Amino acid sequence: MSVNTHPRVDFDVIASLVRPGSKVLDVGCGDGELLELLQTTKGIDGRGVELSQKGVNESVARGLSVIQGDADSDLKYYPDGGFDYVILSQTLQATRNPKNVLTELLRIGEKAIVSFPNFGHWRVRASLAINGRMPVTKDLPYSWYDTPNIHFCTISDFVDMTKEVGAHVESAVALNALGARLGFNMPWGFWNLFGQQAVFLLKR
Amino acid sequence: MTKASQSTPQIDQKSQEATNPHSPVVDFGADRPLHLDSGVSLSPFRIAYQSYGELNADKSNAILICHALTGDQHVANVHPVTGKSGWWETLVGPGKPIDTDRYFVLCSNVLGGCLGSTGPASINPETGMAYALDLPVITIADMVRAQAMLVDHFGIEQLFAVIGGSMGGMQVLEWASSHSDKVFAAVAIATGARHSSQNIAFHEVGRQAVMADPEWKEGRYLEAGTVPRKGLSVARMAAHITYLSETALHRKFGRNLQDRQNVTFGFDADFQIESYLRYQGMSFVERFDPNSYLYMTRAMDYFDLAAEHEGRLADAFAGSKTRFCIVSFTSDWLFPTSESRTVAHALNAAGASVSFVEIESDRGHDAFLLDEPEMFSAINGFIRSAARARGLLPT
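Chains as they are written, first to last, in the numbering used here: chain A, 1 to 204; chain B, 1001 to 1395.
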């Protein structure tokens, strides 16, 4: 279910948030690149769920514990608090029920790490405001009719949802178009305009 | 009546293998009875096995392979009856995913089988004749208990891996459930945690075919010198259809006629598929014991891992430290992917480490025995990762 082909600048940020030796579930793990990175650099005990059979098979061939499954329907099979971290990287916007998925992440994991493309970024806004067209950028390469990304949100939207599900934002990072971190003390509105993607560390 | 009057040299060889096999054997005497699920004890009993590779000094590199319904212990060597190469040589051998240069690979003929382990064709010490139907009914758990005794015999405290497909996969799941601490990694292919109603139905057709053959003689065909050839071959024909997919059958045979231009308006094998199935049926009789077929099919029918845990499959794997790899095939309608997914979900719920791959193949259930590169790469990746975790490969 990895729906972003651009080099994954969010991976390093995610890795920096994970405690070494912890137990991690990566939901929408793609070909297992992030899990492998976390295993190598953080010595985690990692598991993955991936929708595409190709991604699953590639992950298993890499020696990762990954099963075929759907974030929307298969998280219910995991026990409460079974993981230290549950990661949802660049997948939230492709789920049918993001709020339910976020609730499930926080049920299964002590903490949840969510990264997503920010639909509030100025380029996106400009595309709609000036061109009057749905944005197609290197981070969001799909046309509106064939995109798997059915539930885009902005950083501000996401912050609202964390409140709705009762999640506590432990830390958050916004990355600009070059993959650099935006200043930490900026207000959400600034991030919402200049952050191309965001990574949130949430706690129940 | 002369003994084995309906026999062929190959059938004689088959009978020989049941009682005096080419494989090494371990005999468990009266001091080590096997307590069966049926409530009775079997003693003495014998397990015949094949092994490949060397057991390392700390006995940590052993892989047990569990064979399927009509398989046997001859995984990677020439078969003593058929003369064919081993049934899993695609996967097992030097440099293969199950690398015999690195691992000690063990495969035993299951209890109730007919290639040297105690089965219905073995001699009952109480009567001096073949057990036939006097052998107690054997279950998958009984097969695993016997294998565990063999593993103990080798002084192996924990198997590095247990691997098998179909009925072999059932044994893998049983191993991981009832001997969890003895299994570091488990690979269950094209299998399920229970036999479905449809699968039981097909097995019942097969058993009825065997038992309806007058040459079966209430199971006493060995003494009568008869061979229930028709019955067993019909059973095999019906079962063989379930091992293939419709697509594979159609691709291979279509509606092609066998050595003729037109249909004969009779009941000869006009179609290639008929001829093929008849051949499959007849050649099976040459290598397999009819009563053993009854026992093997029954063992699969009785298998229901969740039922042993009050209907909760996850409880069968509670607290498991075993690493699991579950493999299914898209066109397998005997053990469809949904059965494997049920197992994967139960393992998730139990918090176990599990990989689950569904391999795209149109070759049906039998795909697990065939050259399926994607299956090899998944198993290879899984085994290598487990070997690193077990210290058998550098990290």
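There may be inaccurate statements among the hints.
[As the list claims (entries may be wrong)] No farther apart than 20 Å at their CA atoms in a straight line, the calculated lysine to aspartate or glutamate pairs in the EDC-like style are these:
id : chain 1 : residue 1 : chain 2 : residue 2
1  : B       : K1321     : A       : E33
2  : A       : K54       : B       : E1374
3  : A       : K54       : B       : E1308
4  : A       : K54       : B       : E1126
[What the hints assert, rightly or not] Derived coverage of chain A by chain B (criterion: at least 3 residues anywhere in the stretch with Cβ under 8 Å from a Cβ of chain B; other residues may be distant):
id : region
5  : 100–111
6  : 159–165
[Unchecked claim] With beta-carbon atoms standing in for the labels, derived distance ranges:
id : chain 1 : residue 1 : chain 2 : residue 2 : range
7  : A       : T147      : B       : L1055     : 50 to 60 Å
8  : A       : W144      : B       : D1362     : 31 to 41 Å
9  : B       : A1307     : A       : P187      : 52 to 62 Å
10 : B       : D1371     : A       : S16       : 27 to 37 Å
Quick caveat, the hints were computed from the structure, so don't treat them as lab data.
Keep in mind the model is a prediction, meaning the values are calculated, not measured.
Glycine included, each C-beta is placed from N, C-alpha and C at the ideal position.
Against the structure, the hints come out as follows:
Between B/K1321 and A/E33 the alpha-carbon distance is near 24 Å, which puts this suggested pair outside the 20 Å criterion. Restraint check for A/K54 and B/E1374: satisfied, since their Cα atoms lie roughly 10 Å apart, inside the 20 Å limit. Of the pairs offered as hints, the one joining A/K54 and B/E1308 is violated, with about 35 Å between alpha carbons and a cut-off of 20 Å exceeded. For the hint linking A/K54 to B/E1126, the alpha-carbon distance of about 57 Å lies beyond 20 Å, and the restraint is violated.
Counting residues of the region 100–111 of chain A whose CB lies closer than 8 Å to any CB of chain B gives 0, which falls below the minimum of 3, so the coverage claim is violated. Only residues whose beta carbon comes within less than 8 Å of a beta carbon in chain B count, and the region 159–165 of chain A has 0; fewer than three means the coverage is violated. Taking 50 to 60 Å as the suggested C-beta distance range, the pair A/T147 and B/L1055 conforms, at roughly 55 Å. In this structure the hint that A/W144 and B/D1362 lie 31 to 41 Å apart at CB holds, the actual value being about 35 Å.
Checked against the hint of 52 to 62 Å, the C-beta distance between B/A1307 and A/P187 comes to roughly 59 Å, which is consistent with it. Our hint of 27 to 37 Å for B/D1371 and A/S16 is violated, since their Cβ atoms are close to 44 Å apart.
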